[in-house]
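Colleague: Now for the letters of each chain:
Protein chains: 2
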Amino acid sequence: MPETLNIQNMADAIRFLSIDSILNAGEGHQGVPLGMAEIAATLYAKHLKVDPDDPLWPDRDRIVLSNGHGSMLLYGLLHLSGYKKVTVEALKAFRKLHSVCAGHPEIEQDAGIEITTGLLGQGIACAVGMAVAEERLAARFGRDLVDHRTWAFVGDGCLQEGMGQEAISLAGHLQLGRLTFLWDDNHITDDGDTALSVSEDIPARFRAAGWHVIEVDGHDIACIDKSIAEAKADPRPTLIACRTTIARGIPRLQGQRGGHSAPLTPQDAQEARAARKWPHPPFHIPQEVYSDWDKAMMQGRTAKSDWQERLKKHPAHAEFLRWTNGALPDGWLDALPETSSEARPTIQSSGDVCDALLDGLPETIVLCADLEAPTNHKRRRKAFTADSRDGSYVHCGVREHLMGAMADGIAAHGGLRPVNVTYLAFADYERAAMRMAALMGLPAIFVFSHDSIGVGSNGPTHQPVETLASYRAMPNMRVFRPADAIETAEAWQIALEIRDGPSMLALSRQDAEQVRKDGSENLSRRGAYVLAGSETDRDLTLIATGTEVGLAMKARHILEECGIRTAVISMPCWELFQDQDAAYRAAVLGAAPRIGIEAALKFGWENWLRPDDAFIGMTGFGASAKAPELYEHFGITTERIVATGKSLTGH
Amino acid sequence: MPETLNIQNMADAIRFLSIDSILNAGEGHQGVPLGMAEIAATLYAKHLKVDPDDPLWPDRDRIVLSNGHGSMLLYGLLHLSGYKKVTVEALKAFRKLHSVCAGHPEIEQDAGIEITTGLLGQGIACAVGMAVAEERLAARFGRDLVDHRTWAFVGDGCLQEGMGQEAISLAGHLQLGRLTFLWDDNHITDDGDTALSVSEDIPARFRAAGWHVIEVDGHDIACIDKSIAEAKADPRPTLIACRTTIARGIPRLQGQRGGHSAPLTPQDAQEARAARKWPHPPFHIPQEVYSDWDKAMMQGRTAKSDWQERLKKHPAHAEFLRWTNGALPDGWLDALPETSSEARPTIQSSGDVCDALLDGLPETIVLCADLEAPTNHKRRRKAFTADSRDGSYVHCGVREHLMGAMADGIAAHGGLRPVNVTYLAFADYERAAMRMAALMGLPAIFVFSHDSIGVGSNGPTHQPVETLASYRAMPNMRVFRPADAIETAEAWQIALEIRDGPSMLALSRQDAEQVRKDGSENLSRRGAYVLAGSETDRDLTLIATGTEVGLAMKARHILEECGIRTAVISMPCWELFQDQDAAYRAAVLGAAPRIGIEAALKFGWENWLRPDDAFIGMTGFGASAKAPELYEHFGITTERIVATGKSLTGH
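Top line first, the protein sequences correspond to chains A and B.
Number 513 in my numbering belongs to position 513 of the first sequence; there are no gaps in the numbering.
Number 43 in my numbering belongs to position 43 of the second sequence; there are no gaps in the numbering.
Extracted from the complex, chain A is given alone in its bound form:
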């Protein structure tokens, strides 16, 4: 450990790079980087294990800036510690188009930016996922290969957010001892004093959840150093509550509401330089300060070299690299189960796949929000608990938003494939986290059961009607609504192969007819396909998704008997179909009159239906009754399809 570092200077270097960059950009949030400079410098100088020359090193410590508006803290740290992409030029382009130094951190792991943050609470919730991933991987590969920590910089806002509270609760429950929150307790929010909206005893709140809590002066380097050492030694997750002065160093703003993000002036920069005795011109860091930062990184570089040696000799060498590279093993598809020909809920078929992946793709880890029995994805999986890190099923409790962000954090950490399971009605609770997965391009898989009025008597609170549309509207999210067991397995296969974004599966609680006989070719890959009938000779086209494909097939049988040549299009994934060439799309959709059939609202179906086509689905919220009765009540029936088909074709 280099003892000769001038950590105060290292901290002031962060401070002035931040002031200069924010002044140069004309806007930004100085509160965090100026208030947390000593905390961050101490962590990097004395404790952090990273190698800036190898930002993707799997056993690196993970840094999460949960208070992402304070992005200059992170950019300053990355620049000073030697991440090559974060140059002075990049800092000068702070908040400008295409800069690595965006307004809020945007994931770019080879630049040292582990995760996108900015929406409060997401960061610490992701950090919980990262800490789970670390423990799970360590249980599989041993501490020789997996021995790192997760550090999160945290603001008041993150702790006010419900998902932040969920993170505290579950991290305590799971005793994630390698997770440390460095809380910027500056008493100031965007609105003014935190006392406007917070009066709880935050350390007591963490203690109630089983955390180790240390309270320190956030500008006292020796105390910070000691507290981090204590955090590392304690088996519990640790909150280091750092009492800080927001925007410390700018006389006009420090400790004030304006310290948060009020526009800086050249005079502010000048006065700060005088106050902090920092005579250097803008963006200039003296060589001895760079040198201290460089020395600080030696511990990580050494650790990395030692680790590489250990990896070479490790018996699980190849498997470790496969997991961390996210590669699918040869023959993994062979592990997938034979599908039954009996009607059964697609959530059960999904459970079959998930079961099989325990052998075929052991890097899968399932997160579930207290719905083990109805969602049925636990079965053979052992729970990941405080005492047992080799489980691959996390009981997340009724904490969906956290769970979504944990999936993001696990995916961003690398090495595991997160699978998130709950009811589709709760997709709204975790929507922001799912959007983050889409924005970051993370391959998280979100499995939802109870996808429609098929839920039955639990009623409209639990019956999605607009949820599919709301996610089809989201960029970079693939929404699958498979029709049967074969399409469910196909959706899983595609979702696991996709590496650049999340997928979601909307699955049924009720039985789905087995409409496909042959699973030898993955037809879902094209998003939609002709399931029955002719591609060219048809009088009518039925386009359906999910459980309604079974209805369409029954209707087709009757329509054909009436002499109406009917094609059934199964359309499990709109996004993939949209990606096909126009000729394929035109051939599948055909020129004949069309009926769209989905137990959901029409919104979005205008993509596939022309004004004279028909849609059979929902027109508003559902109701409480048994599923078959609801299908009757809302007119989503074979009879209605047949009648509509006859009418459209003039019979």
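Do not take every clue at face value.
To be verified - Here are the simulated DMTMM-like cross-link-like pairs (lysine to aspartate or glutamate), alpha carbons at most 20 Å apart as the crow flies:
| no. | chain 1 | residue 1 | chain 2 | residue 2 |
| --- | --- | --- | --- | --- |
| 1 | A | K382 | B | D193 |
| 2 | A | K85 | A | D54 |
| 3 | B | K602 | A | E575 |
| 4 | B | K96 | A | D581 |
| 5 | A | K602 | B | E606 |
| 6 | B | K602 | A | D581 |
| 7 | B | K92 | A | E629 |
| 8 | A | K92 | B | E629 |
| 9 | A | K626 | B | E89 |
| 10 | B | K96 | A | E629 |
| 11 | B | K382 | B | D359 |
| 12 | A | K626 | B | E27 |
| 13 | B | K602 | B | E632 |
| 14 | B | K382 | A | D193 |
| 15 | A | K602 | B | D359 |
| 16 | A | K96 | B | E629 |
| 17 | B | K602 | A | D579 |
| 18 | B | K626 | A | E89 |
| 19 | B | K46 | B | D234 |
| 20 | A | K96 | B | E632 |
| 21 | A | K646 | A | D579 |
| 22 | B | K626 | A | E27 |
| 23 | A | K602 | B | D581 |
| 24 | A | K602 | B | D579 |
| 25 | A | K382 | B | D190 |
| 26 | B | K602 | A | E606 |
| 27 | B | K382 | A | E575 |
Honestly, the hints are just simulated from the structure, not real lab data.
Fair warning: this is a prediction, and the values are worked out from it, not measured in the lab.
Position chain B relative to chain A; hints supplied.
Modeller: Below, chain B alone, put in the same frame as chain A:
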């Protein structure tokens, strides 16, 4: 207070009505009604102030069943206490179509069902809103007219949910002393023991947030009675942590995981009757038990009569009734401000309206999530705080999901008009609460600023692109994206007039051109209208919303100069436009080629655009740069509209 009641018998009546109804329905959640029967019976017998003959009495206590899956607890209570709509026949129709006894409680206030619950956490968060409403109304009208309490039955799941945690935090901060949570601490969740996912010290967590906490045996009637009396006497919000046995009374299931919702058998019912010494046949309640329930209601009936006498003589009689009836006062529109002709952000124009409503519609109450300055809806409003209940602006902190549900709770309580303010990016955080407003048909108003890439350098995390579509897909939600100050005022007017559902306003951070000159007629009422150009003689139609209407107007100017007769359609509210007759819609949309223009994704625009029409907007997530540069970067410009218009019209 009637001292001769046999509360244990009253509780067992709940128990057996629940068993009989669930057995009759073939499904249901017996855990809550059987576990909480003594708690509920004691509350109703000794403390609750309601009049079952007048379920809408404004000064009634509010009951929230936050663990809504235990709906039979509520239906049993309502039946036994004499709410006329909850008959034995209704109980026999539990979970059947059109029954007042739906699977989860669905708001029907004249049946005594105050609010829809079932999605965990929503109920207690609504309860916080109700308690705020009570305090605010009491500050306005005095304790002679407003003097009631909010009681919430709460399960473990509600306390795990982030929004539940937000509720705890803010209720403590605001010291809502008339709010009491009755926690069913039964140690069992759907997945099994709560220890699977919870290990925090929940009483300590509440104490950390400033709550009064009492721990009792949830089956000991005297202790429950005493604890409720203490809760009423304490100025803090109170958690009564009731240690209970789930499904108490059914020997096979009590205290077990299956107690939560495992299917009941006739034998269970028989064994329960033996165990609880309840010899009565199914659905039969002895007259002496009904009589005790009836006696228990006397306190509420007497309070109601006394209150009516006080109301008659009260100087604010008429105003109180106007507020509680939700009527808009004569001439309220006169209070609205003159709109400026200068370009300015629509969020600022919205702030002008909100300011004026402080005088014109003083029953408005603004909730804001720590964004006072950028959303600018505080200005003249005084804060509602622990010490000062006459404020009409609630600093909700960074707790959006709670805030959304508080708006629901305030609207359901009645007497106030909630206005919820934050950034549109955070609409995802409160989506489930907004859906509840739509499902319940509550007139809450959700105002969002920073509605597009116009946010600028804060980047894609903060830039909605799919959010408008995701809410346009939601039933019973009116989504407004006004173009300028006049349309913003129009949207407010319509939103305030709508009584059967929520509205949301998506507003700009950046300047919006003032495209309307004349505000004498509310043109937004029809959802879309011809802003410029001819209804009949046109070569091209530009359809735009929000800030892009200004772009369309500029493009029109250039196109007209090129000899292309161009109409501009402003379309601030799709839902209202959809409600117009087909002739109006056809006239507005016209037959000429169309260009849709919105700084958002195209999803949903297929409603208004034909395959050969064009759309100018986003195709994915945004980026971090200043707003004008982003509009250039993503090609949402006057030039592009002009070029596209020329191309479509063959110029």
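Colleague: Each hint: holds or not?
Modeller: Comparing the hints with the structure gives:
Distance check on the hinted pair: A:K382 and B:D193 sit about 16 Å apart at the alpha-carbon level, within 20 Å; holds. In summary, the hint linking A:K85 to A:D54 is supported, as the alpha carbons are separated by about 12 Å, within the 20 Å threshold. Note on B:K602 and A:E575: the hinted pairing holds, with a Cα-Cα distance of about 13 Å set against a maximum of 20 Å. Taken as a hint, the B:K96 and A:D581 pair is broken in the structure, with Cα atoms around 47 Å apart against an allowance of 20 Å.
Taken as a hint, the A:K602 and B:E606 pair is honoured in the structure, with Cα atoms around 12 Å apart against an allowance of 20 Å. For the proposed pair B:K602 and A:D581, the alpha carbon gap of about 19 Å is at most 20 Å, so the pair holds. A hinted pair counts as satisfied when its Cα atoms are at most 20 Å apart, and B:K92 with A:E629 qualifies at roughly 17 Å. Distance check on the hinted pair: A:K92 and B:E629 sit about 17 Å apart at the alpha-carbon level, within 20 Å; holds.
For the suggested pair A:K626 and B:E89, the alpha carbons sit about 18 Å apart, so the restraint of at most 20 Å is met. Straight-line distance between C-alpha atoms of B:K96 and A:E629 comes to about 9 Å, which keeps the hinted pair within the 20 Å bound. For the proposed pair B:K382 and B:D359, the alpha carbon gap of about 13 Å is at most 20 Å, so the pair holds. Between A:K626 and B:E27 the alpha-carbon distance is near 10 Å, which keeps this suggested pair within the 20 Å criterion.
For the given pair, B:K602 sits about 18 Å from B:E632 by alpha-carbon distance, which is consistent with the 20 Å threshold. Between the alpha carbons of B:K382 and A:D193 the distance comes to roughly 16 Å, so the proposed pair stays at or under 20 Å and holds. Between A:K602 and B:D359, the direct Cα distance comes to roughly 42 Å. Violation of the 20 Å bound is thereby established for this hinted pair. Of the pairs offered as hints, the one joining A:K96 and B:E629 holds, with about 9 Å between alpha carbons and a cut-off of 20 Å not exceeded.
With a C-alpha separation of about 15 Å, the suggested pair B:K602 and A:D579 falls inside the 20 Å cut-off, and the hint holds. As the CA atoms of B:K626 and A:E89 are separated by approximately 18 Å, the hinted pair is consistent with the 20 Å bound. With a C-alpha separation of about 17 Å, the suggested pairing of B:K46 with B:D234 holds against the 20 Å cut-off. Under the criterion of a C-alpha separation no larger than 20 Å, the hint pairing A:K96 with B:E632 is consistent with the structure, at around 13 Å.
Using a Cα cut-off of 20 Å, the hinted pair A:K646 and A:D579 is violated, with the two alpha carbons roughly 32 Å apart. For the hint pairing B:K626 with A:E27, the CA-to-CA distance comes to about 10 Å; that is within 20 Å, so the pair holds. Using a Cα cut-off of 20 Å, the hinted pair A:K602 and B:D581 holds, with the two alpha carbons roughly 19 Å apart. A hinted pair counts as satisfied when its Cα atoms are at most 20 Å apart, and A:K602 with B:D579 qualifies at roughly 15 Å.
Under the criterion of a C-alpha separation no larger than 20 Å, the hint pairing A:K382 with B:D190 is consistent with the structure, at around 18 Å. Among the hinted pairs, B:K602 with A:E606 is consistent with the structure: their alpha-carbon atoms are about 12 Å apart, no more than 20 Å. For the proposed pair B:K382 and A:E575, the alpha carbon gap of about 49 Å is over 20 Å, so the pair is violated.
Consistency with the previously given hints fails for numbers 4, 15, 21 and 27, ordered from lowest to highest.
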